[in-house]
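Peer 1: Residues per chain, in single letters:
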Amino acid sequence: MLNFHQKKKKKVVILGIDGVPCSLLRNLVSRGIMPNLASLVHEGALSEMTASIPEVSSTSWTTFMTGVNPGKHNIYGFMDLRKGSYEYRFPNSHDIKSDPIWEIIGRHNKRSIVINVPSTYPARPLNGILTAGFVALDLRKATFPESAYQYLQNIDYRMDVDTKKASQSLEAFAEDIDQTFRTREKALLHFFDNEEWDLFIGTITETDRLHHFFWSAYEDDAHAMHRFFIDFYKKIDALIGAMAQRCDKNTAFMIVSDHGFAAIKQELYLNAWLREERLLKFRKEPPESLSDIHPESKAFALDPSRIYINLETRYPSGSVKKEDYESIRALIKDSLQKLSIDGEKVVKEIFFKEDIYIGPHFESGPDLVALPHRGYDLKGSLNKNVLFGRSIFTGAHTRDDATFFLNRHLNIQKVNIMDVAPTVFELMGIEYNACDGKSVLYG
Amino acid sequence: MSTGSVLDRNGLTALPLAEKIRRSKEIIQEAISKFGLDKLVIAWTGGKDSTLMLWLFRETCREMNMTMPECIFIDEGDVFQEIVDHVGQVGKIWDVKVNVLKNTDVLSKAEKLGDIIRVAELNERNRREVQRIGFAGEEFPFEPESMVGNHLMKTIALSMFIENNDIHAVATAIRWDEQDARQTEGYFSVRHAPEHTRVHPVLHFRERDIWDVIHDRKLPFCLLYLKGYRSLGAKSSTVRFSDLPAWQQDLENTPERSGRGHDKEMIMAKLRDLGYM
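From first to last, the protein sequence lines stand for chains A and B.
Here numbering that gives the first Met the number 0 is used: position 51 in the first sequence is 50, and no number is missing along the way.
Here numbering that gives the first Met the number 0 is used: position 269 in the second sequence is 268, and no number is missing along the way.
Honestly, the hints are just simulated from the structure, not real lab data.
Bear in mind the structure is a predicted one, so any value in this text is a computation, not a measurement.
Be careful, since some hints might not be right.
With a Cα cut of at most 25 Å, we get these calculated DSS-like pairs of lysine-lysine [what the hints assert, rightly or not]:
1) LYS108/B with LYS82/A
2) LYS96/A with LYS234/B
3) LYS111/B with LYS82/A
4) LYS82/A with LYS234/B
Bound conformation, chain A alone (with noise of 0.2 Å):
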């Protein structure tokens, strides 16, 4: 419990590293490279964190945001269908059912900036600031208020690094990546500055777009790309420096990442292994969409690792009767979690909807999630007639080591991303027990 004095004024402020694994810095710090992260560490509790299932940016973040399980914030990953249909629609900012910190706060009249939170998009009002981060389209409708808006865009503030970059030149991406970079912290430090706060939360995405096409060069010194990577984490570490330097001993510093990385073994494309299986097939081929989908079949896939039973009731195109819903899901994670490739396995845990998630949103759920063995990918893709493949990228999510820092002396054993929004408010001190997780300062 907090001291009735602690309550008075506690700021809290959050630097989200999208994509950074806990890992990757204990071994930055550990090689001098990222000093102001250092010695933090010593000041602090730096700890792996679990992420969301599926462990994909849309998902972890909301998660983040709200404190809640996919079943009662409602966003289980960056697509979803069409009630009733095989469309696929993009939930936004408005398909979030639970509210973020930032709106809870706001009603005790705390004000938040919130800079590049992903799915955030389109900017709903605020006590505060907010500009939306992945996927935001057009910067006007991912800020609030019109002034800061104004004030973007005047710094020519990028929302997003061009990925389509990566594949043309790596000189072009890596230029790229930093002038979103510097932009995002210009734009970060402007607010920091010029703003009345309570809670800053500020979100850099360049991480994870570096690691995505080029965590190879994190682990090659060989490699074309890896001076930048290490540089880049230079400049991370400077944002950090910057940031720890502007908090008193009574604001809470915390690093927070939305899932961890590793190095790419082989993407599963999770359709084609349905197909074989005999459990998916379309109407004609190649399918041009999930439309296409052909009566008979009992289950399809959706990126990243969503697997949904072609429910009678459920699809225009459904077929399986409720009765043999149990025997098809045990059917499919029996098969899956057999199988490998070169004598390793692929799947290291199938969860059942009702094992991972509750609320009233349960129903818009998939039915199994799987969670692969570090180094696998799992794709929902429609067109690949193979089980595996390598593509452009090098780095797959994973859910653990993601990261967790707090500029507290706490021994955390285990934390969760559910128990980063129930740990600001007890920072802040608001009560608001609606969360799913729990704050981490419980111990």
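Given chain A, work out where chain B should sit, using these hints.
Peer 2: This is chain B only, laid out in the frame that chain A set:
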């Protein structure tokens, strides 16, 4: 002049502006004599193309010494206030009757975008329509530019007006250069369920021509174009990519409708780049 082949269409699109205007007036005269003033309505969205078309109707009727046909304006539940203002002001000055078409049954079930509408609570006509387009769900979110929303809020609102008022023809301001799907349209095009004819008097105008006529004749236009919007649709799905007035943008080399209803394509492209599709 036929509009059947690419050559015909290219020829018409290349005409000088004065010729294009004359051609449009001929189409309008033909439509009025074919369908009569009270069986023909002008679909006025408040956008630049339909405002120009409305002006062409006005000029033609003045020259023929006739009253104007009535206008229809579809309120799909997500209209820019600037468009409402423009239609109100111009409608008054030009003295045209504007019928506002709404699917009141659906609108009464939703207060704001994203509200969930239960199919079972809709009236019989709307329930039948939902079924007719193959939607199997029990509920859908109120979003005018989604498949169900678009059908109920726009198509059905218009169909009901046509049926209830025995309308034979609807003039709309589509253009060949707007998007690929429109390149095979003719000036008169018969539609079924309900049976009526679509009249397209400005098919041969290019985006640049529209602005040239608007400025040349000092015609009114919605202020959103001044703010950088190039093509107007539902409020929540229309964005702009520039702060320049629409007519100062690179009309020839950038897509007109990219700011409209294309969010989905843009999101898909971004997700694809990160390997999520």
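Peer 1: Would the pair LYS108/B and LYS82/A pass a check requiring their Cα atoms to be no farther apart than 25 Å?
Peer 2: Measuring from Cα to Cα gives roughly 18 Å; hence the hint holds.
Peer 1: Could you grab the alpha-carbon distance between LYS111/B and LYS82/A and see if it respects the 25 Å cut-off?
Peer 2: holds (19 Å)
Peer 1: Starting from LYS82/A, check that the Cα of LYS234/B is at most 25 Å away, please.
Peer 2: holds (23 Å)
Peer 1: For the pair supplied as a hint, LYS96/A and LYS234/B, is the alpha-carbon distance within the 25 Å limit?
Peer 2: Judged against 25 Å, a Cα distance of about 23 Å means the pair holds.
Consistency with the previously given hints is maintained throughout, with no hint failing.
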